[in-house]
Amino acid sequence: MVMEKKNYSFPDASGHFGKYGGKFVPETLIAPLHELEEMYHQVKDDPLFQNELMQLHKDYSGRPTPLTFANRLTKHFGKAKIYLKREDLCHTGAHKINNALGQILLAMKLGKKRIIAETGAGQHGVAVATVCAKFGLKCVVYMGEVDTHRQSLNVFRMRLLRAEVIPVTSGSKTLKDATNEAIRDWVTNVKDTHYIIGSVVGPHPYPMIVRDFQSIIGREAKKQIQEKENRLPDYLVACVGGGSNAIGIFYPFIDDEQVKLIGVEAAGYGLQTTKHSATLTLGREGIFHGMKTYLLQNKNGQVEEVHSISAGLDYPGVGPEHSLLKDISRVEYVSVTDNEALEATKLLTEQEGILPALETAHAVAYLNYLMPRTSKNEIVIVNISGRGDKDLNTIIENLGKTK
Amino acid sequence: MIEEYIEKVNADNEKVLSIFLTTGFPRKKDFVLLAEKVLHAGADMLEIGIPFSDPLADGQVIQYSSQAALESGITVRDAFYFAEEIRKKTDKPLIAMTYANIVSNYGIDKFVNDASASGLNGVIIPDLSLDEYDRFITFQKEDFDIVLLATPTSSEERLIALDTKSSGFVYYVSVTGTTGTRNGFSDEDISAMQKTRKLILQNKMLAGFGISSPENILQIKDFCDGVIVGSAIIKKLMNNESYDSIANFVSELKKGCKITL
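Chains as they are written, first to last, in the working numbering: chain A, 152 to 554; chain B, 2 to 262.
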């Protein structure tokens, strides 16, 4: 795998994306972070490692995922052509497997025998439990207690995969607390344990490593759209919680300035309420989970409890690279509400026969705002980051309310 | 000031006992009284924890006290107010302990100035690594110490570097893990501490994490200049033990700091 030469070149050698990122962790974790970084630099350009990973993507995960022309959805809006990058078709049902496969190979290179992970919606937990089953490693997944109820199917899936799922009862009992608990586990069991972080968050080198593993999405999409349309798209749209699927599709296009990049956050009950997860839209600089980044916090610097109908977007922070991309205006960050996401779930299902995850539905929902300002000769690609089977309970409970 | 105080205690052939309390825990109204009793019972230093919603380095006990303090409305200003009140009653070192976001949200200049004005002598920031130190500590004040942490996983090179940067003392995290009580120290823990001690040459070294009894102190006192006890105290406060019973416990711990084998 050869990385494109880029004008845009972050993080810097010290692990910062401009003023964001860095390593704000207890000293105990510095040694394993350095060790991880060193190993990653070794394998990054090692053809053996990259071939092994590509083989797994192809034969195990089912890559490349298709770029599907959304014929009826395009007609529905009557504007630009809409293509869907189908990460929902990956093994385990979301883009999370891309990173899990990369990191499990890294963990084995590091000689680690035990894997830990945090999970919100459960998609990352399932992906990690899956690769641990495949390679025979012990797996512990931390999941907020609230999320274990919202996503009970995924809890069962993880247990079926022989992962130990530990419900986290501290704080808001969601993704942020699951991440705290995973980091505490890592501090304690640092010798034999590798922490597979699920998004482009946490201390350096994680935001870089996860981005690189996820950027296969954008590299494929770039090639596929060239084949189909012989040109680059005009817009890329992706949902942003921690921001891994978004960075994954954006990153290979960052130097193509004509391609507009749009990240869609969760506005929950609405930006005027306190029940949202729109970190980049309403947050400010803070230090959280080992990184400096935009953060939803109160005036005293305490992290806010956030809300989204989708457990995967329910996070008060965001990847530090997104913070930089916002500040340099390379990506436009917007938000849509729970109800808009639910409606978009229906729309995509009815128009294209694709049931998106509630996270993904946020990206689809933004088409209502974006499409009217596009023209027929333009092209939009939406990253369909995951499928919605896991959300059926939530969808059934909520769709009644909006009607 | 902190270093001189540690030297003075050590000169009497005693190890330093530093006690951690969470600001305003278990109650705001007589927190100063608790601090006074702890100091009077033999604590040489007091660490005043300023609560953060997401304390990564802390185990369940201090998570609990932090959460309770936040629910009772404790802010940085309250911690400074209490420090001011405690300072009126003691000449011993008082040190703030809090997370990077609390300091940066308050503003590093303002934090150092206000903390210092309230009688605090330094700050411990457990998620501020050496890697971020220069970008983060953009303001310093004579006689206000920034204490860095060393751990069993720190390389020799890092130990030397953080010994150079740290002031007041070096906080040695005696086990890999979060704060909280454990069943004594393994031979491995002890040998890591001995190794570290040999490399910390510019500062005094105090050991913390997992120290909860006079027996624990006896096990490690020869390899450090003092010990820090937090969770064991907070746990007793959680169980509604009286302040006098806490004071008795502190004097037991201090006895452990004095015995020479």
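Honestly, I wouldn't trust all of these hints.
What the hints assert, rightly or not - Rough simulated footprint, nothing fancy, chain B against chain A, three-plus residues with beta-carbon under 8 Å:
#, stretch
1, 249-260
2, 331-339
3, 508-521
Stated by the list, open to error - Listed next, the stretches of chain B that the computed footprint assigns to chain A, with coverage defined by at least 3 CB atoms under 8 Å from CB atoms of chain A:
#, stretch
4, 10-16
5, 90-103
6, 155-168
In short, the hints are calculated from the structure, not lab data.
Keep in mind the model is a prediction, meaning the values are calculated, not measured.
Just so you know, even glycine gets a beta-carbon here, dropped at the ideal spot from N, CA and C.
Each hint tested on the structure:
no.: 1; hint: 249-260; result: violated (count 0)
no.: 2; hint: 331-339; result: holds (count 5)
no.: 3; hint: 508-521; result: violated (count 0)
no.: 4; hint: 10-16; result: violated (count 0)
no.: 5; hint: 90-103; result: holds (count 4)
no.: 6; hint: 155-168; result: holds (count 4)
In this structure, the hints that do not hold are numbers 1, 3 and 4, in rising order.
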